[in-house]
Amino acid sequence: MDRRKFLKLAGVGAGGIMLPVYGVPVSAAQLAGNGMDVGQKKVLADVVLNTARKAGASYTDVRIGRYLNQYVLTREKNVENIVNTESFGAGIRVIANGTWGFAATNDLTPDGIARAARQAVAVARANAKYQSEPVQLAPVKGVGEVSWQTPIQKNAIQVPISEKVDYLMEVNNSALNAGASFVNSALYLVNEQKYFASSDGSYIDQDVHRLWAPMQVTAVDKKSGAFKTRDGLSTPVGLGYEYLDGREEDKLHGQTTLYKDSYDMVEDAQLAAEQAKAKLSAKSIEPGKYDLVLEPLHLRLTIHESVGHPLELDRVLGYEANFAGTSFATLDKWRSGKFKYGSDKVNFFADRTQPGSLGAVGYDDEGVKAKRWDLVKDGVLVNYQATRDQVHMIDQKESHGCSYADSWSSVQFQRMPNVSLAPGKEKYSVKDMIRDVEKGIYILGRGSYSIDQQRYNFQFGGQLFYEIKNGEIVGQVEDVAYQSNTQEFWNSCSAICDESDYRLGGTFFDGKGQPSQVSAVSHGCATTRFDKINVINTKRKIS
Amino acid sequence: MAILSRSEAKQILDKVLKYSKAEAASAQLTGAETGNIRYARNSVSTSGIVNDIELAVEARFGKKSGIATINEFSDASLEKVMRRAEELAKLSPDNPEAMPLLGEQKYMSVDGFAKSTADMTPDQRAKAAADSIIAAKEKKVVAAGYLEDARSFAAVANTNGLFGYHAATSANFTVTMRTENGLGSGWAQSDVSDFAAMSTGSVSGVAIDKAVMSQEARALEPGKYTVILEPSAVSGLVGFMMWNYDARSADEGRSFMSKKGGGNRIGEKMFDKRVHIYSDPADLNVPAMPWAEDDHMALERVDWIRDGVVQNLPRSRYWASQSENKDKAIPQPNNLIMVGGDKSTEELIKNTRRGVLVTRTWYIRMVDPQSLLLTGLTRDGTFYIENGKIKYPIKNFRFNESPVIMLNNIEDMGRAERVGMWGYSAMIPALKVRDFTFSSLSDAV
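These protein sequences, in sequence, are chains A and B. Under this note's numbering, the first residue of the first sequence carries the number 1, and numbering increases by one thereafter. Under this note's numbering, the first residue of the second sequence carries the number 1, and numbering increases by one thereafter.
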C-alpha cells in the first residue's frame with residue numbers, strides 16, 4: 001500500500017491528473033501559522049549530527065521540513081474540494097562505511113530524532129556489505145546560518161479562501177457564458193519550509209513558494225457525440241498570488257492571448273470555450289512533413305523531455321535504469337566534445353537562480369548554492385546535471401546543486417534544474433517566423449507527450465493547432481501529433497525568436513526515482529521553428 | 001508504533017468520536033512502516049525506512065464539513081482535534097454535492113497480512129538486493145532494481161455506527177538487467193502480499209535472460225502486427241482504461257464510455273466476448289482494503305465487463321442520487337482482476353505464426369479521450385516470433401492504440417499474474433492480439 005495518497009482530478013488535463021498529496025489535511029488557518037522556530041530546528045539538527053557521528057557516520061545531513069499544500073478544486077458552479085495539508089518531519093541521510101543510509105520520522109522530539117539518526121546509520125551499515133562503489137562527495141564549504149525565500153509579493157496560501165473561490169467562480173462563469181459545456185478550474189499552492197543542516201557546518205533555512213492555476217474547458221456536441229477540450233494556457237510558477245493579476249503588459253496578442261509573467265484566467269477561460277467549440281468543426285490534419293512553429297508553453301515540455309531528462313547524470317550513469325530509464329547522451333558522446341545535440345542555433349543552459357521559476361532556490365537539498373551553467377553550446381553537448389556524489393564521475397570538482405527531495409520523508413537525489421533554450425540573438429518575431437513558413441503548423445500549449453526510456457523517440461500533441469500555408473495562418477486544425485528523434489529534431493531547429501518572446505513555463509509533477517518522487521521545474525524559451533517534422537493524424541474510431 | 005491492532009485502533013476512534021458535538025462525525029486512523037532498498041550498477045544506492053501514523057477527524061453540520069488531523073493520541077489531543085474539525089465545519093461553505101455519512105457497513109473479511117513481510121529487516125532487504133546483484137555479476141550483466149515492502153493498517157469509524165479495520169502487507173520488486181555493452185535490456189517484476197513467496201534471485205534470472213537475448217536487435221517496419229503482450233504490457237493499457245472508467249464523465253458526454261445522443265454504454269457489447277474484468281477485495285491473489293478510500297463505503301465483488309459487455313461503471317453516491325433510473329452507487333475499486341486463459345506465454349508463442357512478443361509497455365499517455373487512443377513504447381525485451389518460436393530480438397516500437405480496440409482484437413489469452421498497477425495490485429493475463437498498431441521505431445535499448 002502506497003503511503004502517499006493520490007487525488008484524482010477528472011477533467012483537468014488529458015484523462016485526469018493523479019495529484020500526489022503529501023501530508024495530512026489541516027485547516028487553512030494552520031497553513032498560515034509559522035511552525036517550529038528556527039532556533040528549535042537547530043537544536044534538533046545538532047542532536048542528529050552528534051548522534052549520527054557517535055554512531056559512526058562520516059557525513060550526516062538532516063532536513064527538517066514543513067510542507068504545506070492547498071488545493072482548491074472547482075467545476076462549473078461548484079467548489080468540489082478544498083484540501084489543505086501539512087506534513088512535518090525530518091529526513092536524515094548519513095554515510096557510514098562508505099554507504100548511504102536514510103531514515104525519516106515525524107517524531108520530532110530529541111529522542112525520536114536521535115532514534116532515526118541511529119536507524120539511518122544501521123541502514124547504511126547493512127547495505128555496506130553489498131556496496132562496490134563507496135560514496136565520494138564533492139566538497140562543500142559550510143555556510144553557517146543562512147536563509148533564503150522565494151521572492152513573492154503575495155503569499156498565496158494566506159489569501160482568504162473566499163477570495164480564491166470567488167475568482168475561480170468568475171473563471172468558470174466566463175467559460176460557461178462563452179458556451180462551454182463543462183469547466184474545471186483549480187489552484188494548487190505549495191509552500192516548502194525547509195531547514196537543512198549538515199556535518200559540513202551549514203544551517204540553511206529556506207521558504208519556497210509555488211503556484212499553479214490549471215483549467216480545462218470541454219465542449220460537447222450531443223448530437224454527434226463528439227467532445228473536445230482546451231486546457232488553460234497558464235503555467236506553474238515560482239511566484240505568489242500576484243501571478244493571477246493578469247497585467248496588460250504581460251499579454252501577448254496573436255491567434256489567442258498568451259501570457260508572460262502574469263495570467264488572466266478569466267480572459268483565457270472565455271477564449272478556451274470559444275476555441276474548444278471551434279475544435280469540434282476544425283479540419284482533421286493531413287499527415288505528412290511540416291515545418292513546426294512551436295510556442296514556448298508547448299516547446300518547454302519538448303525541452304523537458306528531450307533535453308532536461310537525457311542530461312541528468314544519474315540517468316546517463318544507469319542509476320535510473322530500472323524506472324525512468326537511461327540516456328542516449330552517453331559519456332563518450334560528451335567526452336568527444338563534438339556531439340551535435342542540435343543545430344548551431346541551439347544553446348541550452350541550466351539555471352536554479354531564475355526569478356519566478358519553479359527550480360529557483362538559494363541552496364539545493366544538500367547545501368550547495370544555486371547557480372547557472374551551460375549544457376549545450378552552439379549545438380554541442382558540453383555538460384550534465386549532477387549532485388555532490390556524482391560530479392567526480394565526470395571529472396568535475398564542484399556539485400551543480402541539483403539535489404532535491406519532495407518531502408522530509410523522501411531521500412534527496414539528483415533532480416532536473418531549470419533547463420532553458422537561449423533566445424535568438426537577432427530581432428525576430430513570431431509574425432516574422434510564420435511569414436517565412438511555406439507549409440507548416442503553429443502549435444500552442446501542452447498536449448499529450450511520450451518519449452522512450454533513452455530519450456530518442458518522442459511524440460507530442462498540443463492544445464491549439466493552426467495550419468500555415470505560404471506565410472499565413474489559414475485555419476484551426478485538429479488530430480495533430482508530431483513524432484521525431486531528439487537529435488534529428490534539435491538539428492532541424494532553423495530559427496528562434498528573440499528575447500522579447502522568451503518566457504518560462506514549467507511542470508509541477510515531474511516524476512522520477514523509486515520510491516517515486518515529484519519535483520517542479522521550469523524551462524524558458526522563445527517561439528522556435530523546426531523544419532520538416534513528421535506529423536501524424538490521431539483520429540480513431542471505436543465501435 | 002506504526003501498526004495498531006484492531007482493539008487499539010477502535011479505542012482511539014471511539015474516544016475521539018465521543019468528544020463530538022457536531023451533527024455527525026467520522027474518524028480515520030492510518031499507519032504504515034515502509035522499507036525500501038534501491039540498487040543500480042550492481043551496487044546498493046539508497047535504502048530507507050519511513051514510519052508514519054495519523055488520525056483524521058471530520059465534523060459535519062448539514063452540508064458543511066471540516067477536517068482536522070493529529071498524530072498524538074492523548075485525551076487532550078483527541079478532544080482538541082475534534083473541536084478544531086467542528087470549528088472548521090462551521091466556517092465552511094455548503095458543499096452542494098455532500099452526501100450524509102454512511103451508516104454501519106458490512107465489510108468483507110480480507111486476509112492480506114503476512115508475517116514474513118511484517119517482520120522484514122534491513123538485513124533481509126540487503127540480502128534480497130544481493131541475490132539479484134550476485135545473479136547479475138555471474139552473467140556479466142548490470143542490475144538496477146527496487147524492492148519496497150510495507151506493513152500498514154487503516155481503521156475507520158463514524159457516529160452512525162460505522163467501524164472497520166484492515167491491516168495489510170505488501171512487497172513489490174522490479175528489476176532491470178542491462179548487458180555491459182548497453183545493447184540488451186530485460187525487465188521482470190514480482191508483486192506479493194507475503195514476502196516468503198518472493199525470490200528476487202529467480203525474478204532477476206528472467207530479466208537476465210531477456211537482457212542477453214535482446215542484444216543486436218533488428219529493425220522491423222512499423223505497422224499493424226499480431227502481438228503477445230505479457231501481463232505487465234497489458235496492464236499499462238488496461239490500467240489506463242479502467243482509470244478513465246467512470247459513470248459521471250460518461251453520462252456527461254465526455255468519455256469513451258459516453259453514448260451518442262446521451263447516457264453511457266452500460267449493457268453494450270464493446271469488447272471481445274472473452275473479456276471479463278472485475279474487482280473483489282477478498283480475492284486471495286490480490287487482497288485489498290474492503291472500503292472506498294473517500295467515503296468508506298463497503299466494496300463488494302463487482303463485474304465491470306463480462307462476456308465483453310459493459311456491466312457497471314464506478315458511480316459516486318452523489319452521482320447515483322442524481323440518476324433518474326435509481327442507479328446504484330459503486331465505489332472506485334482497490335484491486336482489479338482480468339480473467340485469463342490457462343496457457344503460459346510459451347504456449348501462446350508456440351501457436352503464433354508471425355508476431356511480436358512485448359515484455360512491457362512504457363510512458364503511456366492519452367492522445368484522444370474520445371477514442372481512448374493511447375501512445376507509449378515497448379521496452380526491455382521485444383522479440384520477433386516466427387513459426388512458434390522467438391526468432392530474434394527487435395528494436396522497440398512506439399504504439400498508437402486504444403485499449404478498446406485491443407480488447408476487441410483478442411486472439412488468445414494466457415494465465416493471469418499479479419502485477420502492481422496504478423497504485424493497486426491486479427491480476428492480468430498475457431494477451432495475444434491481432435492488428436496492434438506500431439507507429440514508429442525507437443532506438444532505445
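Read the hints as simulated data drawn from the structure, not as lab findings. Be careful, since some hints might not be right.
[Stated by the list, open to error] With a straight-line Cα cutoff of 27 Å, these simulated BS3-like cross-link-like pairs (lysine-lysine) come out:
hint, chain 1, residue 1, chain 2, residue 2
1, A, Lys222, B, Lys63
2, A, Lys223, B, Lys90
3, A, Lys277, A, Lys222
4, A, Lys532, B, Lys395
5, B, Lys90, A, Lys77
6, B, Lys343, B, Lys326
7, A, Lys340, A, Lys371
8, B, Lys15, B, Lys63
9, A, Lys154, A, Lys283
10, B, Lys326, B, Lys106
11, A, Lys77, B, Lys395
12, A, Lys340, B, Lys395
13, A, Lys77, B, Lys326
14, B, Lys63, A, Lys541
15, A, Lys371, A, Lys338
16, A, Lys541, A, Lys42
17, A, Lys469, A, Lys277
18, B, Lys106, A, Lys77
19, B, Lys15, A, Lys77
20, A, Lys77, A, Lys289
Now for the hints, and whether the structure bears them out:
1. A:Lys222 x B:Lys63: 32 Å, violated
2. A:Lys223 x B:Lys90: 44 Å, violated
3. A:Lys277 x A:Lys222: Holds, because 12 Å separates the two Cα atoms, which is no more than 27 Å.
4. A:Lys532 x B:Lys395: 24 Å, holds
5. B:Lys90 x A:Lys77: Measuring from Cα to Cα gives roughly 21 Å; hence the hint holds.
6. B:Lys343 x B:Lys326: Cα-Cα ~42 Å, so violated.
7. A:Lys340 x A:Lys371: 25 Å, holds
8. B:Lys15 x B:Lys63: 24 Å, holds
9. A:Lys154 x A:Lys283: It is violated: about 44 Å lies between the C-alpha atoms, which goes past 27 Å.
10. B:Lys326 x B:Lys106: 22 Å, holds
11. A:Lys77 x B:Lys395: Measuring from Cα to Cα gives roughly 50 Å; hence the hint is violated.
12. A:Lys340 x B:Lys395: Since the Cα atoms of Lys340 of chain A and Lys395 of chain B sit roughly 24 Å apart, the hinted pair holds (cutoff 27 Å).
13. A:Lys77 x B:Lys326: Holds, at about 24 Å.
14. B:Lys63 x A:Lys541: Violated, because 43 Å separates the two Cα atoms, which is more than 27 Å.
15. A:Lys371 x A:Lys338: 25 Å, holds
16. A:Lys541 x A:Lys42: 62 Å, violated
17. A:Lys469 x A:Lys277: Satisfied, since the Cα-Cα distance of roughly 23 Å is no more than 27 Å.
18. B:Lys106 x A:Lys77: Not satisfied, since the Cα-Cα distance of roughly 35 Å exceeds 27 Å.
19. B:Lys15 x A:Lys77: 38 Å, violated
20. A:Lys77 x A:Lys289: 44 Å, violated
Of the numbered hints stated above, those contradicted by the structure are hints 1, 2, 6, 9, 11, 14, 16, 18, 19, 20, listed in ascending order.
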